[in-house]
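Student: Mind docking chain V with the ligands on chain Y? Use the hints.
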Amino acid sequence: MAIKLNVNGKAVSADVDGDTPLLWVLRDSLGVLGPKYGCGIGQCGACTVHVDGSPVRSCQVPVEALGKGKVTTIEGIGLSPVGKKVQKAWTDLDVAQCGYCQAGQIMAATALLAANPKPTDDDIDTAMSGNICRCATYVRIRAAIKLASGQSTDKVF
Amino acid sequence: MADGSTTGASRRDFLVGGGASLGLVLSFSLAGSAGAAETAAKLNSYVRIAPDGIVTIINKNPEVGQGIKTMLPMLIAEELDVDWAQVRTQQADGDPATYGRQIAGGSLATPMHWDELRRVGAAGRSMIVAAAAAKWGVSAAECTTALGVVYHKASGRKAGYGTLAALASEQPAPTLSKVTLKDPATYHIIGRPMIQVDTPAIVTGKPLFGIDVTVPGMLFATYEKAPVFGASVASADLAAAKAVKGVTDAFIIEGGTALDGLLPGVAVVATSWWAARKGRERLNIQWADHPTSKQSTASFEAEAVALSKATAPFRPRNDGDVDAALKSAAKTVKAAYSYPFISHANLEPQNCTASWVNGKLEIWAPTQNPEPGRQMVAKTLGIPASDIALHMIRCGGGFGRRLNNDYMVEAAWISRKVGAPVKLLWTREDDMRHDFYRPAGWHFLEAGLDAQGTVTAWKDHFVTPGEKGTPSRSAGMASTEFPALFIPNFRYDLSILESQIPTGPLRAPGSNALSFVMQSFIDELAHEAGADQVAFRLKLLGDQKVVGPPMQGYGAERMRGVLKLVAEKSGWGRAMAPRTGLGVSFHYSHLGYFAEVAEVAVADDGTVKVKKVWVGVDVGRHIINPAGAMNQIQGSVLDGLSGALHQKITIENGATVQSNFNDYPLMRISEAPAVEVHFLLSENSPTGLGEPAMPPAPPALTNAIFAATGVRLRSLPVDTDLLRKA
Ligand code: FES
Ligand code: FES
Chain Y
0 MAIKLNVNGK
10 AVSADVDGDT
20 PLLWVLRDSL
30 GVLGPKYGCG
40 IGQCGACTVH
50 VDGSPVRSCQ
60 VPVEALGKGK
70 VTTIEGIGLS
80 PVGKKVQKAW
90 TDLDVAQCGY
100 CQAGQIMAAT
110 ALLAANPKPT
120 DDDIDTAMSG
130 NICRCATYVR
140 IRAAIKLASG
150 QSTDKVF
Chain V
0 MADGSTTGAS
10 RRDFLVGGGA
20 SLGLVLSFSL
30 AGSAGAAETA
40 AKLNSYVRIA
50 PDGIVTIINK
60 NPEVGQGIKT
70 MLPMLIAEEL
80 DVDWAQVRTQ
90 QADGDPATYG
100 RQIAGGSLAT
110 PMHWDELRRV
120 GAAGRSMIVA
130 AAAAKWGVSA
140 AECTTALGVV
150 YHKASGRKAG
160 YGTLAALASE
170 QPAPTLSKVT
180 LKDPATYHII
190 GRPMIQVDTP
200 AIVTGKPLFG
210 IDVTVPGMLF
220 ATYEKAPVFG
230 ASVASADLAA
240 AKAVKGVTDA
250 FIIEGGTALD
260 GLLPGVAVVA
270 TSWWAARKGR
280 ERLNIQWADH
290 PTSKQSTASF
300 EAEAVALSKA
310 TAPFRPRNDG
320 DVDAALKSAA
330 KTVKAAYSYP
340 FISHANLEPQ
350 NCTASWVNGK
360 LEIWAPTQNP
370 EPGRQMVAKT
380 LGIPASDIAL
390 HMIRCGGGFG
400 RRLNNDYMVE
410 AAWISRKVGA
420 PVKLLWTRED
430 DMRHDFYRPA
440 GWHFLEAGLD
450 AQGTVTAWKD
460 HFVTPGEKGT
470 PSRSAGMAST
480 EFPALFIPNF
490 RYDLSILESQ
500 IPTGPLRAPG
510 SNALSFVMQS
520 FIDELAHEAG
530 ADQVAFRLKL
540 LGDQKVVGPP
550 MQGYGAERMR
560 GVLKLVAEKS
570 GWGRAMAPRT
580 GLGVSFHYSH
590 LGYFAEVAEV
600 AVADDGTVKV
610 KKVWVGVDVG
620 RHIINPAGAM
630 NQIQGSVLDG
640 LSGALHQKIT
650 IENGATVQSN
660 FNDYPLMRIS
670 EAPAVEVHFL
680 LSENSPTGLG
690 EPAMPPAPPA
700 LTNAIFAATG
710 VRLRSLPVDT
720 DLLRKA
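Chains as they are written, first to last, in numbering that gives the first Met the number 0: chain Y, 0 to 156; chain V, 0 to 725.
Isolated chain Y, as found in the complex (with noise of 0.2 Å):
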């Protein structure tokens, strides 16, 4: 059946079944590819995106459970002064390693912030927390937030 949703800013439509996970029908249905598979049990947040602003394991929400919400991933995020902030410490201070987590942890980052302009330490650990970095770049992670934020960090390289 065709769904019809809204992600980036445009509307689009996907021939899938209301109970397909809105990260296949970004992945395989609309080319969407910036979402990550990591788990599919909602433990890695490799698949974080946005809807109406709020960061959702997009593994977890059947696309037919998304109403009128409107999705923001990785590809629209930069529209935003914030997302647009956060991809610039992301860079500045080159977070990833093998880059595959950093998508999600951009769009918790960047829900954080839009939420919490300065936020603390004990701040970030509960935001991030949802989102794992197998590689392990936490120390750059917190300084990018902190980055992002105006706030003062320790120098990462």
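These aren't lab readings, by the way, just hints derived from the structure by calculation.
Glycine included, each C-beta is placed from N, C-alpha and C at the ideal position.
Careful, some of the hints might be misleading.
To be verified - Listed next, the stretches of chain V that the computed footprint assigns to chain Y, with coverage defined by at least 3 CB atoms under 8 Å from CB atoms of chain Y:
#1 198-212
#2 341-352
#3 394-407
#4 423-430
#5 637-643
#6 662-669
Claimed, not checked - Here are the in silico distance ranges between beta carbons for each label pair:
#7 Y:P116 <-> V:K359: 52 to 58 Å
#8 Y:K87 <-> V:T185: 29 to 35 Å
#9 V:G358 <-> Y:M0: 37 to 43 Å
#10 Y:K87 <-> V:G255: 47 to 53 Å
#11 V:M575 <-> Y:Q59: 42 to 48 Å
#12 Y:D91 <-> V:A153: 40 to 46 Å
#13 Y:G17 <-> V:Q89: 38 to 44 Å
#14 Y:S128 <-> V:A238: 42 to 48 Å
Said to hold, decoys possible - For lysine to any residue, the following SDA-like pairs were computed, each having C-alpha atoms within a straight-line distance of at most 25 Å:
#15 Y:K83 <-> V:A200
#16 V:K241 <-> Y:P61
#17 V:K244 <-> Y:E63
#18 Y:K9 <-> V:T270
#19 V:K205 <-> Y:T90
#20 V:K611 <-> Y:G129
#21 V:K205 <-> Y:D91
#22 V:K608 <-> Y:D122
#23 V:K244 <-> Y:L29
#24 Y:K83 <-> V:T203
#25 Y:K9 <-> V:P215
#26 V:K611 <-> Y:E74
#27 V:K205 <-> Y:P80
#28 Y:K145 <-> V:T203
Tutor: Coordinates of chain V with the ligands only, in the frame set by chain Y:
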């Protein structure tokens, strides 16, 4: 370049000497003709220069997050003498005829290519200078270069590389061993922190990874294998799977018996991966009995203890007289250590895309080790390797898992069967249950101390998984493993525990577990001797510069250097609050010298908080890309802590119990301490950083836990129940 169409005058093969000391020879071609279709002139197999001066440099090795696609081109760009801002990098395909061995493994890229690729750059520079000299009718010796421009001072002439490139590509290629290299004092690329070349694509979500590969007409596949490694399919309800909307095919693959090859299973192919998975859920597969279905962690553990009591069949090392030394020791200490199987858990599950067209295959593989994969596919499918084109795709983590190519042969087989391009993607559960695990191991140790607290005797009965008297892959231990050669009476006995669990290299293979055992037991000995942990270790390291054969020996002086450095930086010896402690360790692997100190706090309920880790590093005289180097070191340390705190693969009824991150946890940001890194620049050639920072982390952690609580942890992962306040 592997096509053989370039011959004689335009194709020269050079053997380069620098890598030969490691037993490795890089052979490659320097082909000089600018192709008619190319506007950019090709100086050699690595460098093309466009008329506008944009320099394209090929990265020969797989990128797995170690930063090689940035670092290797930096070596070429430095000696080519161009502005890094002019440089674009491009990933090579699997092409050993042109690029030699292409692998991400062993932290070898730096030692293997440090010399050669700088020479490739220098050769390109000399061709450009020769072109300028010819054009201007001056001597090449009078020309200088800077940032991609050639200058002739006397006549005031200058020309950008782009304007000279076509002429340069017609110059004879110099012999690599004869080119002149720069004075390192003039480096402007090597030693400068460079952002990874793919970073802009990563932060904007561009398709980069194997899982993102898209080929027109592509179908999606899932492949289910037996929980018991290698068991074959007794029956499967293929019709039920095919009845699912979107499923185009479902079939049994008979497969073979080699655990690293094409194993038996059932493939489901569909127009989307989700449909393939839904079909898979209907398969109701019955697996045939298999001889290894009785394997279990519990039986391995019991068997290891039994073996430790029997005479070992192998004695790889026996220095001095251990029995006499133990007898005359002032004090003896005995302990049994063990570590579990662990999984690589790359965040990107194994996957591969293959396209079978008219009897030829094209493969897009996130692999660390392309050529053995191509050879295996050729053999398994019965086609010539020359009919397989192989693209190396950025890997969402390597850690050694992708040195195996099982996913590649599966994708190839499935694509041929359905006659269409297919993207095979494993589920997380497939990935965790079909890994080549870091092998478990057991060490039964005894050592003797004299009245001055010097270690006079050491014996280790190592029980390791293996088959028919040979350790499983990555389950061996060298007879020179530290502290061998540093203790006069030293015995290493070896017993093999019969196992058919698939194992393989995981970041710093061997070292990642052995360091825990050796550095923990040394900690026990220092404690028994009543000595300071750092001072005891310095004494054990002795006063020699190198111990063992020159060139291949253990750089004891380098290790003492990083140990002293990390002790100083961490404030070793300072007073600590109750239930907090510092732990120290060191380990040499992959040509790198690392000493680490961890600071921990242990809560009354046993929860461990790592507060900070300090790292002392000696990997030679240059840190080629400090931005990448720091990231590798910090990540490796946290990886070691993550494994030590959480990870264990358990085997029951011949199968892996764990399946996903809910029962196999990885470290999260809330647990990640600051990691402070200090480099000790020594006169040695630069060496790699993908692995050697990891091994000292687990024992630094457990030694710190001992300092904080008095509880000695002799098996991993950390059991917090043992750490509760009494
Ligand atoms: S893939 Fe969705 S949380 Fe891991
Ligand atoms: S950068 Fe590799 S998983 Fe995060």
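Student: Next step is simple, just say for each hint if it's right about the structure.
Tutor: Verification of the hints:
1. 198-212: It holds, with 12 qualifying residues against the three required.
2. 341-352: Coverage by chain Y holds for the stretch 341-352 of chain V (5 residues, Cβ < 8 Å).
3. 394-407: holds (count 5)
4. 423-430: holds (count 3)
5. 637-643: Per the Cβ count (3), the hint holds.
6. 662-669: holds (count 5)
7. Y:P116 <-> V:K359: 52 to 58 Å: holds (56 Å)
8. Y:K87 <-> V:T185: 29 to 35 Å: holds (32 Å)
9. V:G358 <-> Y:M0: 37 to 43 Å: This hint holds: roughly 39 Å between Cβ atoms.
10. Y:K87 <-> V:G255: 47 to 53 Å: holds (50 Å)
11. V:M575 <-> Y:Q59: 42 to 48 Å: holds (43 Å)
12. Y:D91 <-> V:A153: 40 to 46 Å: Holds - the Cβ-Cβ distance for D91 (chain Y) and A153 (chain V), about 43 Å, lies within 40 to 46 Å.
13. Y:G17 <-> V:Q89: 38 to 44 Å: holds (43 Å)
14. Y:S128 <-> V:A238: 42 to 48 Å: 44 Å Cβ-Cβ, so the 42 to 48 Å window holds.
15. Y:K83 <-> V:A200: Distance ~14 Å between K83 (chain Y) and A200 (chain V) Cα, so the pair holds.
16. V:K241 <-> Y:P61: Holds, at roughly 23 Å.
17. V:K244 <-> Y:E63: holds (17 Å)
18. Y:K9 <-> V:T270: At roughly 24 Å apart (the allowed maximum being 25 Å), T270 (chain V) and K9 (chain Y) satisfy the hint.
19. V:K205 <-> Y:T90: Holds, because 14 Å separates the two Cα atoms, which is no more than 25 Å.
20. V:K611 <-> Y:G129: holds (22 Å)
21. V:K205 <-> Y:D91: holds (18 Å)
22. V:K608 <-> Y:D122: holds (17 Å)
23. V:K244 <-> Y:L29: holds (18 Å)
24. Y:K83 <-> V:T203: holds (10 Å)
25. Y:K9 <-> V:P215: holds (24 Å)
26. V:K611 <-> Y:E74: violated (35 Å)
27. V:K205 <-> Y:P80: Within the cut-off at roughly 19 Å; holds.
28. Y:K145 <-> V:T203: Cα-Cα ~20 Å, so holds.
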